[in-house]
Amino acid sequence: MGEWTFIALLFIISLILPAVPIIAGRLLGPRKPNPLKNSTYECGVETVGDTWVQFKVQYYIFALVFLIFDIEVVFLYPWAVAYHQLPLFGVVAGIVFIVTLAEALIYAWRKGALEWV
Amino acid sequence: MTITPITIAFFIMAAFTLGGSLGVVTNRNLFHAALYLVLALFGVAGLFVLLEAPFLAAVQVLVYVGAIAVLITITIMVTRRIMGVTESVNRQWPLAAGVSAIMAITLGFVVLDRFAGKLPVAAVPGDNIVRLGEALVNYDAYLVPFEVASVLLLAAMIGAIVVARE
Numbered sequence: 001m002g003e004w005t006f007i008a009l010l011f012i013i014s015l016i017l018p019a020v021p022i023i024a025g026r027l028l029g030p031r032k033p034n035p036l037k038n039s040t041y042e043c044g045v046e047t048v049g050d051t052w053v054q055f056k057v058q059y060y061i062f063a064l065v066f067l068i069f070d071i072e073v074v075f076l077y078p079w080a081v082a083y084h085q086l087p088l089f090g091v092v093a094g095i096v097f098i099v100t101l102a103e104a105l106i107y108a109w110r111k112g113a114l115e116w117v
Numbered sequence: 001m002t003i004t005p006i007t008i009a010f011f012i013m014a015a016f017t018l019g020g021s022l023g024v025v026t027n028r029n030l031f032h033a034a035l036y037l038v039l040a041l042f043g044v045a046g047l048f049v050l051l052e053a054p055f056l057a058a059v060q061v062l063v064y065v066g067a068i069a070v071l072i073t074i075t076i077m078v079t080r081r082i083m084g085v086t087e088s089v090n091r092q093w094p095l096a097a098g099v100s101a102i103m104a105i106t107l108g109f110v111v112l113d114r115f116a117g118k119l120p121v122a123a124v125p126g127d128n129i130v131r132l133g134e135a136l137v138n139y140d141a142y143l144v145p146f147e148v149a150s151v152l153l154l155a156a157m158i159g160a161i162v163v164a165r166e
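Chains A and B are the protein sequences, given in the same order. Using the working numbering, the letters of the first sequence map in sequence onto residues 1 to 117. Using the working numbering, the letters of the second sequence map in sequence onto residues 1 to 166.
No lab work stands behind these hints: they were computed from the structure. Since the model is a prediction, treat every value here as computed from it, not as a measurement. We put the CB at the ideal spot given by N, CA and C, even for glycine.
In silico contact screen, one side only, chain B against chain A (beta carbon under 8 Å); selected entries:
1. Ala9
2. Leu71
3. Thr79
4. Ile129
5. Val130
6. Leu132
7. Leu143
8. Phe146
9. Ser150
10. Met157
11. Ile161
12. Ala164
All chains should be built: construct the whole structure from the sequences, respecting the hints.
Shown next, in the form of structure tokens:
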């Protein structure tokens, strides 16, 4: 359980660290609101139109491709950890797995799914 | 029951999971519901750590908190006028309630039937990830599901690209 103590500690620090400037700003900063200060802006410019717009479907394909290779990592990680103990058969089985997913990557590439249109 | 750091950690993680799940089902803003889902999934990762399943915890963060949450967020972003939906109850709720009740009863029965009054059991071997890796490519163990998974992922990729391009 020892190494998890550090992660728990980091977790607590990660909660405190962003909270401190926000709370300190509330407590220490002067508060003189006016309509201009309270207006919504993005990168210093006033926003145009509705915030909840429909984004391009291209993002969705990128997310799906990312998901598929993320799951590939999950399968390959134990295989890579056990690599030194594996018989040749096991190594080949892992390579078959990788090649199958390389086909998926080539398919996505050739279909132009990775290009920004 | 004695209070140990483990029990405290368990209650914190259980609070994350249950609180996040409640946020998902009660929030009227779909995007905020998705963010609460991330919180709940993160709590489940913490519970995996407490069950001494660090690999599953890493997978939970990598796949669910990482990829699935991104996918759900982007699905909301690319869907037209979805933010106009502010109803948290629609006419399918009796069906959903029925399915959820059956799931809860089944899982609760399994937990009570298997683990009531007794704590598990043998210690987890330290080299469990090596064993998992060996079992994945072992002909007598999980070789076929392992290779089928790659074909399934290939099919999912092709299907997603075909559907999304239309």
